[in-house]
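> Quick mapping for you: the protein sequence lines, in order, are chains A, B, C, D, E, F, G and H. For the first sequence, my numbering gives the first residue as 1, with consecutive numbering after it. For the second sequence, my numbering gives the first residue as 219, with consecutive numbering after it. For the third sequence, my numbering gives the first residue as 437, with consecutive numbering after it. For the fourth sequence, my numbering gives the first residue as 655, with consecutive numbering after it. For the fifth sequence, my numbering gives the first residue as 873, with consecutive numbering after it. For the sixth sequence, my numbering gives the first residue as 1091, with consecutive numbering after it. For the seventh sequence, my numbering gives the first residue as 1309, with consecutive numbering after it. For the eighth sequence, my numbering gives the first residue as 1527, with consecutive numbering after it.
Read the hints as simulated data drawn from the structure, not as lab findings. C-beta: ideal position from N, C-alpha, C; glycine also. Some hints could be false.
Claimed, not checked - Quick list of in silico lysine-lysine cross-link-like pairs, DSSO-like style, CA-CA up to 27 Å:
1. D/693 to D/711
2. E/955 to F/1226
3. A/130 to H/1656
As the list claims (entries may be wrong) - Computed beta-carbon distance windows for the label pairs:
4. G/1420 to A/49: 22 to 28 Å
5. A/62 to C/485: 35 to 41 Å
6. F/1165 to E/949: 46 to 52 Å
7. A/49 to E/882: 43 to 49 Å
8. H/1548 to D/721: 53 to 59 Å
9. H/1638 to E/882: 40 to 46 Å
The lines below spell out each chain.
Number of protein chains: 8
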Amino acid sequence: GFAKIDYHRELRKGFPEVIFCEGKTPYQVREIALAMHRKEVDVLGTRASREHFEAVKEVIDKAIYYEEARIISVKNTPLKKTKGVIGVVAAGTSDLPVAEEAAVTAELMGNTVKRFYDVGVAGLHRLLHKLDEIRKCRVLIAVAGMEGALPTVLGGLVSAPVIAVPTSVGYGANFRGLSALLAMLNSCASGVTVVNIDNGFGAAYAATLINRIGEEEK
Amino acid sequence: GFAKIDYHRELRKGFPEVIFCEGKTPYQVREIALAMHRKEVDVLGTRASREHFEAVKEVIDKAIYYEEARIISVKNTPLKKTKGVIGVVAAGTSDLPVAEEAAVTAELMGNTVKRFYDVGVAGLHRLLHKLDEIRKCRVLIAVAGMEGALPTVLGGLVSAPVIAVPTSVGYGANFRGLSALLAMLNSCASGVTVVNIDNGFGAAYAATLINRIGEEEK
Amino acid sequence: GFAKIDYHRELRKGFPEVIFCEGKTPYQVREIALAMHRKEVDVLGTRASREHFEAVKEVIDKAIYYEEARIISVKNTPLKKTKGVIGVVAAGTSDLPVAEEAAVTAELMGNTVKRFYDVGVAGLHRLLHKLDEIRKCRVLIAVAGMEGALPTVLGGLVSAPVIAVPTSVGYGANFRGLSALLAMLNSCASGVTVVNIDNGFGAAYAATLINRIGEEEK
Amino acid sequence: GFAKIDYHRELRKGFPEVIFCEGKTPYQVREIALAMHRKEVDVLGTRASREHFEAVKEVIDKAIYYEEARIISVKNTPLKKTKGVIGVVAAGTSDLPVAEEAAVTAELMGNTVKRFYDVGVAGLHRLLHKLDEIRKCRVLIAVAGMEGALPTVLGGLVSAPVIAVPTSVGYGANFRGLSALLAMLNSCASGVTVVNIDNGFGAAYAATLINRIGEEEK
Amino acid sequence: GFAKIDYHRELRKGFPEVIFCEGKTPYQVREIALAMHRKEVDVLGTRASREHFEAVKEVIDKAIYYEEARIISVKNTPLKKTKGVIGVVAAGTSDLPVAEEAAVTAELMGNTVKRFYDVGVAGLHRLLHKLDEIRKCRVLIAVAGMEGALPTVLGGLVSAPVIAVPTSVGYGANFRGLSALLAMLNSCASGVTVVNIDNGFGAAYAATLINRIGEEEK
Amino acid sequence: GFAKIDYHRELRKGFPEVIFCEGKTPYQVREIALAMHRKEVDVLGTRASREHFEAVKEVIDKAIYYEEARIISVKNTPLKKTKGVIGVVAAGTSDLPVAEEAAVTAELMGNTVKRFYDVGVAGLHRLLHKLDEIRKCRVLIAVAGMEGALPTVLGGLVSAPVIAVPTSVGYGANFRGLSALLAMLNSCASGVTVVNIDNGFGAAYAATLINRIGEEEK
Amino acid sequence: GFAKIDYHRELRKGFPEVIFCEGKTPYQVREIALAMHRKEVDVLGTRASREHFEAVKEVIDKAIYYEEARIISVKNTPLKKTKGVIGVVAAGTSDLPVAEEAAVTAELMGNTVKRFYDVGVAGLHRLLHKLDEIRKCRVLIAVAGMEGALPTVLGGLVSAPVIAVPTSVGYGANFRGLSALLAMLNSCASGVTVVNIDNGFGAAYAATLINRIGEEEK
Amino acid sequence: GFAKIDYHRELRKGFPEVIFCEGKTPYQVREIALAMHRKEVDVLGTRASREHFEAVKEVIDKAIYYEEARIISVKNTPLKKTKGVIGVVAAGTSDLPVAEEAAVTAELMGNTVKRFYDVGVAGLHRLLHKLDEIRKCRVLIAVAGMEGALPTVLGGLVSAPVIAVPTSVGYGANFRGLSALLAMLNSCASGVTVVNIDNGFGAAYAATLINRIGEEEK
Ligand SMILES: Nc1ncnc2c1ncn2[C@@H]1O[C@H](COP(=O)(O)O)[C@@H](O)[C@H]1O
Ligand SMILES: Nc1ncnc2c1ncn2[C@@H]1O[C@H](COP(=O)(O)O)[C@@H](O)[C@H]1O
Ligand SMILES: Nc1ncnc2c1ncn2[C@@H]1O[C@H](COP(=O)(O)O)[C@@H](O)[C@H]1O
Ligand SMILES: Nc1ncnc2c1ncn2[C@@H]1O[C@H](COP(=O)(O)O)[C@@H](O)[C@H]1O
Ligand SMILES: [Mg+2]
Ligand SMILES: [Mg+2]
Ligand SMILES: [Mg+2]
Ligand SMILES: [Mg+2]
Ligand SMILES: [Mg+2]
Ligand SMILES: [Mg+2]
Ligand SMILES: [Mg+2]
Ligand SMILES: [Mg+2]
């Protein structure tokens, strides 16, 4: 009744539908997960609380929970690995939940992921120090809250496409991520595109589609 | 004095610095263009008025003006063509200036571009009718104003990455493109990333970086 | 003291006053419901919590609670049934509480209701698949959160009036429903009107007035 | 090239595509109008300046311009008249252009229209005085700027559906119509739905679809 | 240390300083109240929780708490009564806490107050029915949430000054009182001034200053 | 046709309807003014341009134009003078047009007005220097742009009611008067009420109603 | 893993990195504090809850907690005292937590601090009374919520630079500190600069850099 | 009449009042300038158009106009030079008018100024290249539009206080400087304070007060 799973999505997009758990009851998430699992489709649940996970775990024993990333995963098909590396670059320690949502999603979608955390531009040497390694990535995800300057500085230094993820980290005139979002949309650096505030999942999904271009067509 | 051209950018990004003409005087644009031209660097000027162009034309005879796209171009190096196609999909006739900014930029950066114009989702058959052709593109740019629904519908139908460009087309609660921008940032379809309102140039630049992944590594 | 029930409303509008429970104490809701019930008027309470319901249930035994729709109903007059069907079309599973508020309200006001749930435009075939059935409805209510694209796509496909209900489903740049609200107000499709964020009740009320035009004048 | 006219729209919606002239060049409007005219389709252009009209008039001699309503019309098919009356109720003299856009659109779509102008709620007797006549309308369009109170007061007095049109009339904290828009979306009166700021056309279109329900099914 | 009570205020304004309790600890409120009480000054605490009151009650036995109005009062000087009546007019049951804050404040400042509650404009006869009584008031306070239309309708009917108080009652596009606030600031009716959202106290204070003009100068 | 003059307003409010000229054509203003003039009613037009005035002057020779205040006046009834003084206090030279709109309106409505201009709080001594004179006023109108601090400082020093008028003077984060408006609504001083941005007329009207209380009842 | 402490910062800025505790787990704060402590670096944690402090206290016995200021401090190097005084001026009792964050930060960074609390401009004599003492400070921090007028009045009276800190104290149209923030950015007084809402720490840091100019160069 | 020049300001602040020309007529500016000039006070006019200047020039022959900075200056007292250098760092060519307003103001107030222009963070080497010179400045003014990242990167590299000036350079989601303003208020770097959008004058004034601390106390 309450959900019409889009099984056709895998054909169109290359990946099955993903469950956005926030705002759904544990019962709803469990039922959707189970229906997909029974069809031997991969299950990915984002923004999942521990309660969501436990409801799923009860009926699907092999379900795994990534605490910091808030992700539920049930793998039912063999992982198609890509070789090109996705780099996840994050500004501060408080941005980690979003960065992890991006990194874990990308890994579960078959990508090799490198993490570059706590390299915000207020202490520039930390980023510059990692630059050689960062430049080896095929796609970059840049996660930052507050003034959201990281994607611009990064975007000015690399030739890979940069997907910017503003986070809601901050207070006051941050307006729950608005300051970082606007900064990223107005980036002076070219090659930067933006996803919704805290949307690590969306960034990883787009990064995967891009990374696949580099793989599959060869 | 007034400009410090970033000649090093070509090495870092693969493309020379681009001149954002709006807010600069024709004199400033001409001087910057001339300095670059003298170094035999490609000149690309966006958001250029006819006045900007005429100032440049006076000193660089081979300068070309793309009226609808508001772009000035001076080509000084051979065009490195990519094979993968970038599709520019636009919702309405009023979105054309932004769509053309994207299409012309992408062409000047060496991409093959296909235009799919006036295929907004209020008359869905127009889009569905072009779907086979659209699915052959390696990267898609989706341009729309008002409610900005096109990237979501498109993103649900294709496996290529979609770069969404909100336009300031509309009135009232459109708030100069805000409605389309927010819609695109909140897209239910996965694989959609967003650039600034009316930023056709930025979308084309990111699309080019992505398209190159598919080319250069082979 | 605290409430002046508008008993005259039934004469003017065709329906008695409705109790908006949110922000009222269970005691206040019970007293208003009881006063109306004693006058043998139909009682409808919206945005009612279980606490509100229990307070009413104590004094009016036949009171019914629609959990998902958050509605309290006490039927004291025979239901005047209309024949024209109101279709309630909802984008995602998380939009269900609002869709149910609309559907239950419409049913309690005498309409026949058809539900089309989880047919968001990111998986377009789900909607197209139901189109024949949807086209048989006399009035449509389209419920969607996030980018709010459903009413536009729907409005482009049908000749019935569409009442769009933005929901607060989403996060980040959704700003509690603002993105969907603005999208719907800027809809490219004609024949779409909009009610407040999460206002399933208001959409059903307007749909009923419209549906009655088709009935009563014959 | 620049426009893909949706000739199929008449079948789906009962009316051909309408040209939104603002933001299009006179040349573009003329070409679209001419293409439609040649197919013997009715042409309706909204938000048209005198320049737009003159460009059309040059090639379609029977084109008519409604100055205050800013509408261009070319009638190529016999008018299907409905009997049910649409009432257009406007608060102040400054709201007239929007009210006229609604009234003229409704007339061109075959409705009988009654105008009730300058009956804002700051002088309530003006509205109450017209109430008997207003109550005879099958659908109502309520146009108001500034604090946008008219649709609420009207909606409390009638049993017809009310379509509220906020206008950008006002200054300061009006924020170009935002105050009236928000007021209307938050209306305490039931049966009120809302369209975009200054969107007289959209209100008339929805009113026509509703009015037709009362006509055609009989 | 933490507070510098402005004992001089009574001389300048005619009333002693008032304690805004929200955001202060019960301990802070008690200390300030006690210091004032010891100087035999009247104590008025607004937005006081029961916890605030109990802390004060412990040390000042004659302290009184007005639950719905959230007001603490300690009367240490004889009440100077004015004769002119202040009318408090409120739209809905949910607006009562704010209306009571206004009414109780006005009474504690020596005014005679008349309450007209639940007379919102969606059921206009309720207000019109009370009009004769309302017209006898020297100053009016109009309290309303949602679309905030009451002060405009009222202001069009009376010759007394109207102080409008927007409340945060509503949801969705109400944005915590913003819709009502903007509506009131844009009122078409003349003689309406506005205070902050939910600021019943401020309205009563200004109404008292006005009411005194009518008294004291005679 | 286009205007329904509310001749009854004088009975209800004590003053005839006032013409808000902005957004009306010179022709419309002239016709409304003439109709009122023929009924020997006082004509007051606010936000009138010189073009508006000249259209009126053509048909009503005794019409007067107050340039800085942008007011048209035609006096047809004897002026009923009040004795209580209204003080108009303005922060900066740039606030003068709004201050003059207030002052001239108040004078035309029969009040004695005292002007205290360019006494902004950044140079506090200017205000303190005038305090004795200001304290003699029965009602105060405080006009300020930018940070809008004047009404708070003034309100803390006087026992008269203060009507605050935010102006759109400023730039950047002023957002056309929003900063001053919000500051005034959040004033720490009691007895301050607020009107719309740049609404000198509205402040004067409310001040007159208040001033009359002090006069007429004696 | 989760944090890359910027030990180099002391060389660049003169102070080691500071821990922003909000949004970090007690475990994360403890680990960062411990790592810094082991390197004998001073530890400063802002926006720290008692839970954060207790986690740190467990492993660093000499850690101190400033309750009202919400600051954790571990001093490992001798305090370099400056002589120039920083004055912290606060408008109301509710602004104290932010004022204390500023004052304690400044003290821990080696400054002599003078506190001037509860001297808001609604009771101007309180501020004027302290003016001689305030004028002796080399740098001033002005903390205020609601209408945020204090920095303007202060800035008009002194020749020292004023750093304004808007607080989120207020309700309604305060929008969590936005009213005070905008007021301060639009200050008519010269020499006023602004930090983020509630950012007492940032104000103290900047004040310290300024105060040092006066010390170190001599 | 219209202006009350604050001649006392020089005593309080160390500088005479400055004329904000925008929104004043050329006549008003001329009269204020002349009055000050006659008292042999220095005249500084900001945001002055060429028309303003010409009106002043007519009566004060030695008046000077700084075109790009939009500043009028009449020097009547000997310049008290400070030695400490103020650095003005600007991101892009389009930010020059604001940067020049800051630089010229600072020079006219007696400071030595160094300009570092077109060193935005999208091409980081340009800034790093100048770092040694920048570090020699006692106070820094950082001017940037769009994403406003410059002050954060700069603030992370230097120990001088940084005054950030957001500019309105940009388009779309820039919202006339809002993106840069919010970014700067949320800066991760410590020691950064912010002034209003485009307020080069205000930044220079505050920088001068700070620079003087380093000079005068020695
Ligand atoms: N974290 C996320 N952020 C945004 N969209 C998501 C997220 N997780 C899943 N989705 C998308 O949300 C849609 C599911 O919506 P629903 O029908 O409400 O479950 C799917 O199309 C997903 O691709
Ligand atoms: N869910 C709802 N959303 C909006 N308005 C409602 C809702 N439920 C009831 N109402 C209306 O709210 C008004 C009642 O307001 P009150 O006097 O505060 O009870 C009535 O006019 C109802 O028709
Ligand atoms: N400057 C003004 N600001 C706000 N309202 C005004 C102003 N001048 C006149 N009004 C009011 O605007 C209404 C006239 O609106 P309209 O019918 O459009 O002429 C009248 O009720 C006047 O009292
Ligand atoms: N460009 C500017 N931006 C902000 N404030 C300014 C500017 N130029 C001058 N001012 C200040 O504006 C005030 C003058 O306002 P007014 O009385 O309207 O001339 C003075 O206090 C100046 O210090
Ligand atoms: Mg860190
Ligand atoms: Mg089209
Ligand atoms: Mg779904
Ligand atoms: Mg009128
Ligand atoms: Mg009620
Ligand atoms: Mg002045
Ligand atoms: Mg206090
Ligand atoms: Mg540059």
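> Are there hints from earlier that the structure breaks, and if so, what are their numbers?
4, 7, 8, 9
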